[in-house]
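Could you put the whole structure together from the sequences, leaning on the hints where they help?
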Amino acid sequence: MKAFTAHRGLVGPMDRANVDTDMIIPKQFLKSIKRSGFGPNLFDELRYMDEGQPGADCSNRPVNPDFPLNFPRFKGASVLLARKNFGCGSSREHAPWALEDYGFNAVIAPSYADIFYNNCFKNGLLPVILTEEQVDILFNEMNAEEGYQLSIDLPAQTVTTDSGHVFSFELDKFRKECLLNGLDEIGLTLKEADAIKDYEAQRAAQHPWVFGAIK
Amino acid sequence: MAGKTLYDKLWDSHLVKQNSDGSSLIYIDRHVLHEVTSPQAFEGLRLADRKPWRLDTNIATPDHNISTDKTERDAGVAGMADEVSRIQVQTLDDNCDLYGIKEYKINEMGQGIVHVMGPELGATMPGMTVVCGDSHTATHGALACLAHGIGTSEVEHVLATQCLVAKKMKNMRVTVDGTVGAGVTPKDVVLAIIGKIGTAGGNEHAIEFAGSVFRDMSIEGRMTVCNMAIEAGARVGMVAVDQKTIDYCEGRQFVPKGDMWVQAVEYWNGLVSDGDAVFDTEVVLHADEIAPQVTWGTSPEMVAPVTASVPTLDEQSNDEQRKGLERALEYMGLEGGQAIESIAVDRVFIGSCTNSRIEDMRAAAAVAKGRQVASSVKQVLIVPGSQMVKAQAEAEGLDKVFIAAGMDWREPGCSMCLAMNADKLGAGEHCASTSNRNFEGRQGNGGRTHLMSPAMAAAAAVAGHIVDVRSFDGGVV
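Heads up: the protein sequence lines correspond to chains A and B, in order. Per this note's numbering, numbering of the first sequence is gapless, rising by one per residue and ending at 410. Per this note's numbering, numbering of the second sequence is gapless, rising by one per residue and ending at 517.
Read the hints as simulated data drawn from the structure, not as lab findings. Don't take every hint at face value.
Claimed, not checked - Listed next, the in silico EDC-like pairs over lysine to aspartate or glutamate satisfying Cα-Cα at most 20 Å (straight line):
| id | chain 1 | residue 1 | chain 2 | residue 2 |
| --- | --- | --- | --- | --- |
| 1 | A | K279 | B | E360 |
| 2 | B | K363 | A | D331 |
| 3 | A | K279 | B | E244 |
| 4 | A | K386 | B | E244 |
| 5 | B | K44 | B | D314 |
| 6 | B | K284 | B | D217 |
| 7 | B | K409 | B | D439 |
| 8 | A | K229 | A | D252 |
| 9 | B | K210 | A | E365 |
| 10 | B | K363 | A | E387 |
| 11 | B | K91 | A | E387 |
| 12 | A | K410 | B | E148 |
Right, here's the structure in full:
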């Protein structure tokens, strides 16, 4: 997995609460059997005026001029500023894949849906949680200043603005460690193979019906 | 020391290792796979030169993107009209064949929506941890399982290790006591709960549904409720074991027999929260408060009793709520203050992992019987949740009731719940739907979804607009 340590980049907005993963990447693009290539269809229904089709070239599609991420000033944004409960709904990992493929390295929001939040860490995408007040400050600063950038430091767990705000954020130690080092989580779990086998032996003795039924 | 909740017990019995950094390794008993979220996981296994840890834990079936049209289905995978979807289903078949994973293929008896198939085959049983690359996996919690959705990276993790790295959730109990009135179904109960706590109300929690309403509810009804825990933000929804749970499981294909059955039942009967267990969050509703529910907006929390009106901007307490309401009304093409019953429907969808089981089919057929779909309604899709549900419904003659009423009787799959196949709404069309999400574009680009129970959806099909099933044409419930 891609590691994340620190990032400084242009901030782009998604200024609404409860953005669901259907909105992040609509269902027709889930037919792909690949992990990559979802960026052009990120926020497809909001971003374009026509209906997107999987595999179709997006470069000549009519774009929605009212969708903020289409504004020239937000081109190349790599930090997505969002509102509460971002990523609710479907478990599709295609949502963080699309955000990452589009060019986002981090999302900042007051809260996330659980499955989406978890999925981000598997893909080198950092979901930062700040308070609603802090997110409001960032939205205000971003709206006031073209080319608005933020600095995110994962080891220090801070978001720093050029105006001098330093906002701390929390995240689990394990997730932080995996992201910092780009660790292969499956490889880490496989180091516990003996513990897993011990558990299975003990469980098979207690609850034998859990094993062997499906063939 | 306080007693344990059902969730605590399920968690403790699957703990492989507690790490010093606060994370835990949790063992997974049952892994359910489908075509959409598994191909990249199998590919990941191959790229890392890994193999599935255990085969007898996995069970697979295609459901999300397959056609529900009989002619196309009869042609099998090779006959799938959408080439991209065909490759995805073929990839599932190939992966299952390659590794020796049990799969119910596209037209095989046993195939169905993953969350209908698992319980009906007895592949999911009380006390298990159940995961699937689908957020509605909480459905299986109706059997007192610890069941939740996972992303594709975790599908790969479970395939490779039979474990997940997890952090324990908080405990929430939602208690609904009393007796629901006629015409009020499990769907109405869960929509009312979501309306009360909001779409993020259950974030970071595992919900246990408790109280007489759930005790009185059938297992299929409990599945409808647990299914939508995620629409309240909770990955996990559960109901404790009682005699109904045991009776439901008995005799199903993968459930133990003989002495092992007796042993299992003894264990399962302990899968209830202790009397002195403490929950981090408690929510209480009373059955009397709950009328048939309908969503009017673009989030499941935007829900109201069918007798109510669409909210108005004046009623909103802050700017954020006003903005959200304004956007939802614009998308839905509705006016604040408009009566819910005045909303005309263009299409009706009865199906999905929420409401496609035999009791749902019976409830819809009871309304459709002897009636006709309104001429203004373009299409009424009745999509049974599985081959077994379809066979049972046909044995009871329900298919003939639907067809006589002018409805389409289809082949099992997820269908218009997420519109990955040809079953979808056109832009601007209103749909009375028994599915679980009314997000923008969910059932088709520009489509407008109104979530409700199967009986309410069937009534809307006949009336041509949303209608209170309790007062419908002399009463049908």
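Evaluated hints:
no.: 1; hint: A:K279 - B:E360; verdict: 11 Å, holds
no.: 2; hint: B:K363 - A:D331; verdict: 15 Å, holds
no.: 3; hint: A:K279 - B:E244; verdict: 14 Å, holds
no.: 4; hint: A:K386 - B:E244; verdict: 28 Å, violated
no.: 5; hint: B:K44 - B:D314; verdict: 5 Å, holds
no.: 6; hint: B:K284 - B:D217; verdict: 18 Å, holds
no.: 7; hint: B:K409 - B:D439; verdict: 11 Å, holds
no.: 8; hint: A:K229 - A:D252; verdict: 17 Å, holds
no.: 9; hint: B:K210 - A:E365; verdict: 18 Å, holds
no.: 10; hint: B:K363 - A:E387; verdict: 50 Å, violated
no.: 11; hint: B:K91 - A:E387; verdict: 16 Å, holds
no.: 12; hint: A:K410 - B:E148; verdict: 16 Å, holds
When each numbered hint is compared with the structure, violations occur for hints 4, 10.
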